[in-house]
Amino acid sequence: MSWRPACRPPATGDHQGSPPPDPGSVSGVITGTGPGPRGATISTVTTTVPAAPPRPPLVRPRSGRAIAGVAVGTAAHLRQDPLVVRVAFALLATTGIGIVAYGLLWLTMPVAAPGDEHDEPPLPGWRPQGAKQWIATVVLGLVAVSLLSGLTRWNNSVVILPLVLVAAGLTVIWRQLDTDRTLAVAGARWTLAGGVVLAGAGLVVLLATTGQLANARNGFAATLVLLTGLLLATAPLWRRLVDSRDEERAARIRSEERAAVAAHLHDSVLQTLALIQRHADDQQSVGRLARSQERELRAWLYDPKVVREGGTWAGLVAGLVAEVESDHALVVDHVVVGDAPVDEVLAALGAATREALLNVAKHSGVTAADLYTEVTPDRVSVFVRDRGAGFDADLVPSDRRGLRDSVTGRITRLGGTALIRSAPGEGTEVELALPRVAFA
Amino acid sequence: MTRVFIVDDHAMVRAGVRAELGGAVDVVGEAPDVPTAVEGIRATRPDVVLLDVHLPGGGGLGVLEALRAELPDVTWLALSVSDAAEDVIAVIRAGARGYVTKTISGPDLLDAVRRVADGDVVFSPRLAGFVLDAFSAAGAAPVAPVEEATDPGLDLLSAREREVMQLLARGYTYREIGSRLFISVKTVESHASNVLRKLQLSNRNELTRWAATNRLL
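Residue numbers (the numbering used here), protein chains in the order written: chain W, 1 to 440; chain G, 1 to 217.
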């Protein structure tokens, strides 16, 4: 409840397959047959490619894809312009080989790990990636259709439409499942459902136009029964698989959190404990160490992020209290009400506050002080109070400058008021107030 | 002699508190967790329970909620290392009469125990700061529309109460506040218990928000 890791581990999705074999990054081994004069032994020539900068692995990037990123990924791997590879694929596609090769590569090439991008910033002025991909897909689909119609002269052309439907549906499904987008995204599910409907409709139309629907119905029913039975029979297994996956994920998050806490404790608490052991005889420094460690741990556990990261008055006060406490034998109990972003004026007020605290440390003779500061819409007030020796303001020699210059002077120059209440033996209270309109 | 029951999960703390309170009060029992505490407090009926806010098995809040209605005569003084606003406000709203941090010195703790036993309330400077934050009158521009028939006075501190809270936050004792404001210590005490009552009963936005974000209601 009190803290959460700032960032979740990136959802790596489920394609955590082994990294692709990368012939470029290891030394290339070219195995070939030697010139082999008749009867000669077949020699194996092994050449080690000089380790030029390793080739980027053969992966499909997450952005800059036209269809599935195969061409871009291949181009990156071959250190070619993507356009060259695309044209090559397109040319090969006219013979049919390109399509098969593309499909196989699509199947086998893993998706690039997030953050592992080869920086290819999307061209400004381009349509969004998604749209671009869709257009490419549609165009390629049309090309495929025309090719198909050419190839399928043998058949009656009514099958074309259903085939196209099926292909389109499959493409949609593939595209949807292929990206690392989780299905939790609302749009993704609908697109997926649309793809399924499209493919299903294509299938039905195909069967209907070829007059196989009646036949298929029996087979379909049988398959459905079979599948349902299979699904029911293995349901516990699926359930367990899903459960164990969830458990695994939870365990991973837990262990990462634990590691973060452990790292923090090691850097702070354990170090301090070691220091305390070493200084066990020196009571003062032990106290100081314990106190500063306590403050740090407390801030880590309880303080809101803005206070920890500074930039606001509360953070500034916490920081200067910490500083004074670590430099002097003074324990400051500080209470901050309200908050405001730090500007020049507040920074000056902070400096004056610090000076007042230092004054307590030097002259009061006590080791504790109370600091209270309140930010209201019209003013910021600071109260520094100690129960120490106190003094009679009239008796302070005029050459003693501490409070007078660094505190009172500073505040009045900013248009605020500084009031010092003190009497011998009754402690001192310094009250600083700055109107906020002055720096609104 | 005041009969005190100590609830804290650390044996070291219990021993330390016992030693600091010394012979000045009668420590009738101690407990390290919620069930033991509930049982022990039922059995011993102490005057004051020193209650750690963070306890295994439900926290100090659990003990308070289990026993508050049943034992109205017991006074509760929360004792904690946590300065987190929601912890402090939660135990106060659940019925604790005061809140002190574990860094409090022995004599101060004894004084706090005596005061809650006498029916006073104990504000640490920090608690006073939280109260001021929660009730910051100046920042209350968007006054919430009255949802139920609640006393609107509960949502605001009077000028005097604010003054008292500010002085408490500045580290003044009740006596010092009295002489500073030219009022009697008794009057200061009554202001303080009024503030505590408001803190417990108010429906003020900030309090509700704190409670809601921490699912305390």
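Hints are supplied without guarantee of correctness; some may be wrong.
If you anchor each label on the Cβ, the simulated ranges turn out as follows [as the list claims (entries may be wrong)]: (1) W:Leu301 to G:Thr44: 43 to 49 Å; (2) G:Gly16 to W:Leu301: 20 to 26 Å; (3) W:Ala433 to G:Lys102: 47 to 53 Å; (4) G:Ala15 to W:Glu257: 31 to 37 Å; (5) W:Asp327 to G:Arg114: 34 to 40 Å; (6) G:Asp9 to W:Thr417: 44 to 50 Å; (7) G:Ser105 to W:Glu257: 35 to 41 Å; (8) G:Gly16 to W:Glu426: 29 to 35 Å; (9) G:Lys186 to W:Leu419: 16 to 22 Å; (10) G:Thr36 to W:Val366: 39 to 45 Å.
Once the Cα atoms are required to be at most 20 Å apart in a straight line, the calculated SDA-like pairs of lysine to any residue come out as [claimed, not checked]: (11) G:Lys102 to W:Ala368; (12) G:Lys102 to W:Val331; (13) G:Lys102 to G:Val81; (14) G:Lys102 to W:Ser292; (15) G:Lys102 to W:Ala389; (16) G:Lys102 to W:Ala340; (17) G:Lys102 to W:Leu289; (18) G:Lys186 to G:Glu163; (19) G:Lys102 to G:Ala24; (20) G:Lys102 to W:Arg291; (21) G:Lys102 to W:Leu301; (22) G:Lys102 to W:Thr367; (23) G:Lys102 to W:Asp243; (24) G:Lys102 to W:Glu294.
Here chain W is said to cover these stretches of chain G; the calculated rule only asks that three of the stretch's residues, wherever they fall, bring their Cβ under 8 Å from a Cβ of chain W [as the list claims (entries may be wrong)]: (25) 121-130; (26) 163-174.
No lab work stands behind these hints: they were computed from the structure. What you are looking at is a predicted structure, and each value in this text was computed from that prediction instead of being measured. Built from N, CA and C at the ideal position, the CB exists for glycine as well.
How the hints compare with the structure:
no.	hint	verdict
1	W:Leu301 to G:Thr44: 43 to 49 Å	violated (33 Å)
2	G:Gly16 to W:Leu301: 20 to 26 Å	holds (22 Å)
3	W:Ala433 to G:Lys102: 47 to 53 Å	violated (33 Å)
4	G:Ala15 to W:Glu257: 31 to 37 Å	holds (33 Å)
5	W:Asp327 to G:Arg114: 34 to 40 Å	holds (37 Å)
6	G:Asp9 to W:Thr417: 44 to 50 Å	holds (48 Å)
7	G:Ser105 to W:Glu257: 35 to 41 Å	holds (36 Å)
8	G:Gly16 to W:Glu426: 29 to 35 Å	holds (32 Å)
9	G:Lys186 to W:Leu419: 16 to 22 Å	violated (29 Å)
10	G:Thr36 to W:Val366: 39 to 45 Å	holds (40 Å)
11	G:Lys102 to W:Ala368	holds (16 Å)
12	G:Lys102 to W:Val331	holds (15 Å)
13	G:Lys102 to G:Val81	holds (5 Å)
14	G:Lys102 to W:Ser292	holds (16 Å)
15	G:Lys102 to W:Ala389	violated (27 Å)
16	G:Lys102 to W:Ala340	violated (30 Å)
17	G:Lys102 to W:Leu289	holds (18 Å)
18	G:Lys186 to G:Glu163	holds (15 Å)
19	G:Lys102 to G:Ala24	holds (19 Å)
20	G:Lys102 to W:Arg291	holds (13 Å)
21	G:Lys102 to W:Leu301	holds (16 Å)
22	G:Lys102 to W:Thr367	holds (18 Å)
23	G:Lys102 to W:Asp243	violated (44 Å)
24	G:Lys102 to W:Glu294	holds (12 Å)
25	121-130	holds (count 4)
26	163-174	holds (count 5)
Of the numbered hints given earlier, the model fails hints 1, 3, 9, 15, 16, 23; all others are met.
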